[in-house]
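Protein sequence lines correspond, in order, to chains B and E. Per our numbering, the very first residue in the first sequence carries number 1; after that it's consecutive. Per our numbering, the very first residue in the second sequence carries number 460; after that it's consecutive.
The hints are simulated quantities; they were obtained by calculation from the structure and are not laboratory data. Possibly wrong hints are sitting among the right ones.
[Stated by the list, open to error] Not everything, but these chain E residues come out facing chain B in the computed CB check (under 10 Å): (1) LEU557; (2) PHE604; (3) ILE633; (4) LEU636; (5) ASN985; (6) ALA1004.
[Claimed, not checked] As a list, the in silico BS3-like pairs of lysine-lysine whose alpha-carbon atoms are at most 30 Å apart: (7) B:LYS324 <-> E:LYS932; (8) B:LYS88 <-> E:LYS1012; (9) E:LYS610 <-> B:LYS241; (10) E:LYS517 <-> B:LYS324; (11) E:LYS610 <-> B:LYS253; (12) B:LYS428 <-> B:LYS105; (13) B:LYS356 <-> E:LYS651; (14) B:LYS253 <-> E:LYS1012; (15) B:LYS292 <-> B:LYS123; (16) B:LYS201 <-> B:LYS428; (17) B:LYS253 <-> E:LYS763; (18) B:LYS356 <-> E:LYS648; (19) B:LYS356 <-> E:LYS1012.
A virtual CB, placed ideally from N, CA and C, is assigned to each residue, including glycine.
The lines below spell out each chain.
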Amino acid sequence: MRIRKYDSDFSRRAFLEKSLKGVAAAGVLAPLWPEIARSGTIDKVYPDELLSIELYTKGQVKPGDVITADNVEVVKDLLDPIAYRQVKEMGRRINIVETTTDVTKLYPHEYMEATLRNAGRAKFDANGNVVTDDGKPWIGGNPFPNAQTGEEAFANLTMSWGRHDESVYAVRDWDISPNGTLSYQYDFIWAEQNTVGLVNKPSPYQAGDEDKLRYQAVWFTSPTDAKGTAFLNTWHYDQRKFPELLGYLPAFKRVRNFPTNQRFEPLVPGITIFLSDAWAAGDPMLTWGNYKVIGTKPHLGAVSGNWTGKRNPNWEREVHGGPKDQTFFEDYKELVPEVLVVEAEPIGYPRAPVSKKRVYIDVRNMMFVSYLTYDRRGEIWKSFEPAFSQYQDGDAAYMDGAHPLWSWTHVHSHDVQTNRMSRFVQAKQITGGFGPEYNIGPSIYDKYLTAQAIRRFGT
Amino acid sequence: MERLSARIARATMAHRWLSLLVLIAITGFFAVQLRNVELRTIFSDLLPSNHPFVQTYKDHPNFGNPLTVTIMVKRKDGDIYNAETLQKVWDLTRDVDLTPAVDHDQILSVATEKARYSEATPNGIDSRPVMGDHPPRTAAEIAEFRSRLLKAPNVRTFMVSEDETATLITATFIERLLDYGVTFEHLDKLVKDARDDKHDVYIAGQPILTGWVYFYEWQMLGIFAVTGLALLGALIFYMRNVVGVVAPLTTSLVAAVWGFGFVGWLNQPIEPLIMVVPLLLVARSFSHCVQFIERFYEVLHHVKNRRRAAEISLSVMMVPGVLGITTDAIGLLLIGVAPIPAMERFALFCGFWAMMLVPTNVLLTPLLIMLLPEPKNVGRLVGANKGEAKHGGIKLLLRLIAHLSFGPRAWITAAALVALTVFSIGKLSDLKIGNPVEGSNLLWEDSEFNVAVSNINSHFPGLNTLEIIFESKSPDDMERVVRKAETALTMQRLQHLLESQPNPPEASLSFADYLPEANRLFSGGNPKWAPLDHDDAAVSAAAGALMVGTGPKAFLHVTDFEQRNGTVSLWYKDNKQDTVDGALRQARAALEIIGTEYDDFRIRLGSGTIALQQSINDTVDSYQWIILGLLNAVILVTCSIAYRSVVAGILLLIPVNLSNLFLAAVMTEMGIGLDVNTLPIAAIGVGVGIDYGIYLLSRIYEEYQMRKDMALAILTAVTTTGKAIFFTATIVLIGILPWYFLSALKFLADMGLLLVMVMLINMVIALIVVPLLVWLIRPRFIESTELLVSEGVDLEALASENSDENLRAKAAEMVKHPTNEVVEVVPLRP
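The task is simple: from the sequences and hints, build the whole structure.
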């Protein structure tokens, strides 16, 4: 039995005080990052009530419990407004698991090592881009593990989306209509290759691509009428520049250039996700502005226990809720002791339909656990809620090399105004026989990330 | 044996406190539900639910843009290609995005990213917004914008007028979030602020129409207040005593509580557009109450005993009162036969309210009379006092009218009526169905909304559409039938057939229209690549090309979100009946050729304003006569029973049907057609008209029973009961006429005008035709002493009971001089 060292309001007072002072530095009892660097755990950083949902809720909710409309009020302050509404009004269920105190389970192994190795070496140059202390492009890991500002927090999200040098995700997506029926279903591949900040290579840079940040492609493999449709993004390292965007339709065998700042449109019919939504940082970070940390707080986040590879052979998930009992995935959330709540505005988009985004970032690994966009009237428009996990389910595991994979498992993207839900999983295999690939080296480029590759794929 | 009505009357008066208590308890029962009463317009409820067009509309509500608002910016002194106008369009587009409940993905103007041009380049297809990241400011930027528009043919056709002086901004709203009042207020302000000396800005669309209706509901409350005060003023002016004012007010208020409480219990919204009818019911309640009080005054004038006078009046008036109210109520209830949900609710609400006038008026009025102070001006009110010019004048007029119905003049009157009837029948064939105005018939032709519709129609294909729906037969939600070759090609074939007619639609549009352009661009830009191959792969590829980087929301006007169902939209220049008939005839002929049943889909006619207008007209046309037929049948049965004579039933039906015929002639003369606004009018008119007839016929019967002199009976009835009819008709007119002059809602004004006309015609016809028919036919039931509807009152005996020598003398004098100035006093039984 744990002995509680602090009264139940201690953390609330501590967060209030931090917010009032404008202090974003993580940790309540002690600074977070030095402790992580020392021990790899957060046991001594937060009081017991922030490490145990049972203590936090005074015994009303404990790991193994399920949050439903009947008990969601108990954890209302730990959810964003949309997640709360989904549970309260739409029949969503949330399974509660223990808080992860071993921070190594919240990162890909190499990325965490790079974060520790390079801690303190990042800064912003005169243009606002992240550079090393000697003015070179970033060298890997979170540049600002102990982020103090909104810009620093967003640099952590933007500089490496999936936190592997190369990632190929096999994605299965379902788009649910307001009446709960399935409107669209897609299988697609999402491929990312970082060109700087590499953590699994001898050099942090891919030779000749130091002026870029990443290549990224989306390939649709199903249904038949979308098969072969592909998009290719080339990101500049300079975050003031818009990525180049090419599209390809196999029936016409022609590449199409898209407007580079057209990032608030769905890629294919029926899906609620915009390019701008990817990883809560889908646009170059300097095309957004007015970043600010509006507070810190504990939150419920799906950051562990979400890979169900042992129970679901294709890594798909059970569904529930909504009018036809299929609007939500089954997922697992834990009490995240501290999130930074950061807002930003789309200053580089004169026609943006959104006025701001609000992102909840887990300070332990600087990854977002929830992301909301607001329309120009200030009303919530969409919620983009990811789930992450180390890929271990009992004695089953999926490795990204020598270590169990850490990655995202599934996402709920909910346009709450039109009440359309896109939900997708990272699957073991999708139509066409494609599956996940990690840290596969430069071959990813020729295979997935060139105009020729997307043409070849469509034939 | 004592009659039932007399026994009820005696029991009511004997247990008047218990009776009052019961009435108060019932009022309390209904009053608790007043908080649930909701005034709400549901437009789809104004459509006939069983009509195939309406069923098609309800199965595919997104076609025909019911939730889309269209704003037109019109440059007054030139074209739109100038910095000022384009800045205005940019600003308006951005401001529209701030409107509550707007779907941010469905805002379209030349300033949005969705308005794109594409061109083939050596590296592929380059697709960009026609307007850059800011509105064009320099001459070069404006020229570039203009040239880009030429490369975007769909944008150019549908977003910029042919004369290049106007451009559109369209926005679609999310129904679940839409509060019409709030959205309207925001958009109306935007549009008003955007107008200046160089620009007109118009706004139209169903959400705006609803907004205007909501806006005018406040005005409606104002008219209610005016009308209520006018009614009260008329009552005070006429009665000038406490009973005469308080009793009608109280009984009407109680009836209103019962009526509104009833819908509160049913938890159904009340359609504000029909609120003129509840006001009519208030006026009718006044009318019945005044009928009773008039009779009470007459009796009181003789018997000088309030309780006896109230009891006698109740006994005498109960059967004609109940019969009259019942016919009113049946008239209203039968409106519910028309399968229009708003009318069904209206019939239930108003029919119940009308029926409840029986307990609230017939029973409550005598109870109130007993509670309230005895009036001091009875003599003046019954016209007994000389020098009462107002009442005397009415009497004189009624005497003149009465003289038209008996004696030698009767034949002249009859001949004139026959001539008028023949003339009206001739006119009947010219009576039109429908009242088309450009825009909405709910509003005046010069209303801001209809002017906007007219202007948008004159610059763009317009807002009057006929939608021919292509509906998937597949049970699979994800089988995208619209992306199949047969669907797209059939759509094109249908459009080709319709556009090659002698009077083709102004424009047509389907999902298939977008495909060739996508095909051309993605195939390299050469126009020769525009035509689609006739196979599913080619059509699906073109559809896929169209959707890339946008989404199905951008095409919701032509296909649904899942692309299972689609529509061919046909635009017409107006919604006049000839145009509507022609459009439907052509569409039916085209569908006859291409067929409606295919393997994957069926074709359904239709939706859109043209089809929905026709659905209302079809329903009005058939149900107008069904309702009238049923009403005639019910009245014939009830009146035949009440008077124990089929002749009596027929005799009462003749004037009300004549009134309807004359009303139709007047409508033809005034250019008013039959539509949903007029649907309730004839039924209400018959209900009211028969009410007048029953009161009058009963009085003629009573008088004849006492005098055995038909001429005298007619004269007496017309100048006594006729006076009450005259007053009550007048009071109803006072209640309703302001609606015509004050209402900005044409719907209410039309109903007001028609109700006024139907009341006036019914009053005049009742006063002339009922006595005339009795005089000419001399029906046998008049001789009978066993009718339900009335009984003689031996006022002489009652006067004796009262031991008032003066009264006895006066009554005797009246019998001796039946034609003198005070003949209107109820004569004594010989």
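Checked hints:
1. LEU557: Holds, about 5 Å.
2. PHE604: With a closest approach of 15 Å, the PHE604 (chain E) hint is violated.
3. ILE633: Holds. Min distance 6 Å.
4. LEU636: Given a least distance of 7 Å, the restraint on LEU636 (chain E) holds.
5. ASN985: violated (12 Å)
6. ALA1004: Check passed: Cβ of ALA1004 (chain E) comes within 5 Å of chain B, closer than 10 Å.
7. B:LYS324 <-> E:LYS932: holds (22 Å)
8. B:LYS88 <-> E:LYS1012: holds (28 Å)
9. E:LYS610 <-> B:LYS241: With Cα atoms ~28 Å apart, LYS610 (chain E) and LYS241 (chain B) stay inside 30 Å; holds.
10. E:LYS517 <-> B:LYS324: With a Cα-Cα distance of about 22 Å, the restraint between LYS517 (chain E) and LYS324 (chain B) holds, given a limit of 30 Å.
11. E:LYS610 <-> B:LYS253: holds (22 Å)
12. B:LYS428 <-> B:LYS105: holds (21 Å)
13. B:LYS356 <-> E:LYS651: holds (29 Å)
14. B:LYS253 <-> E:LYS1012: It holds: about 26 Å lies between the C-alpha atoms, which stays within 30 Å.
15. B:LYS292 <-> B:LYS123: Given pair LYS292 (chain B), LYS123 (chain B) holds - Cα atoms ~17 Å apart, limit 30 Å.
16. B:LYS201 <-> B:LYS428: holds (26 Å)
17. B:LYS253 <-> E:LYS763: Violated - the C-alpha atoms of LYS763 (chain E) and LYS253 (chain B) are around 104 Å apart, more than 30 Å.
18. B:LYS356 <-> E:LYS648: holds (25 Å)
19. B:LYS356 <-> E:LYS1012: holds (23 Å)
Of the numbered hints listed earlier, those contradicted by the structure are 2, 5 and 17.
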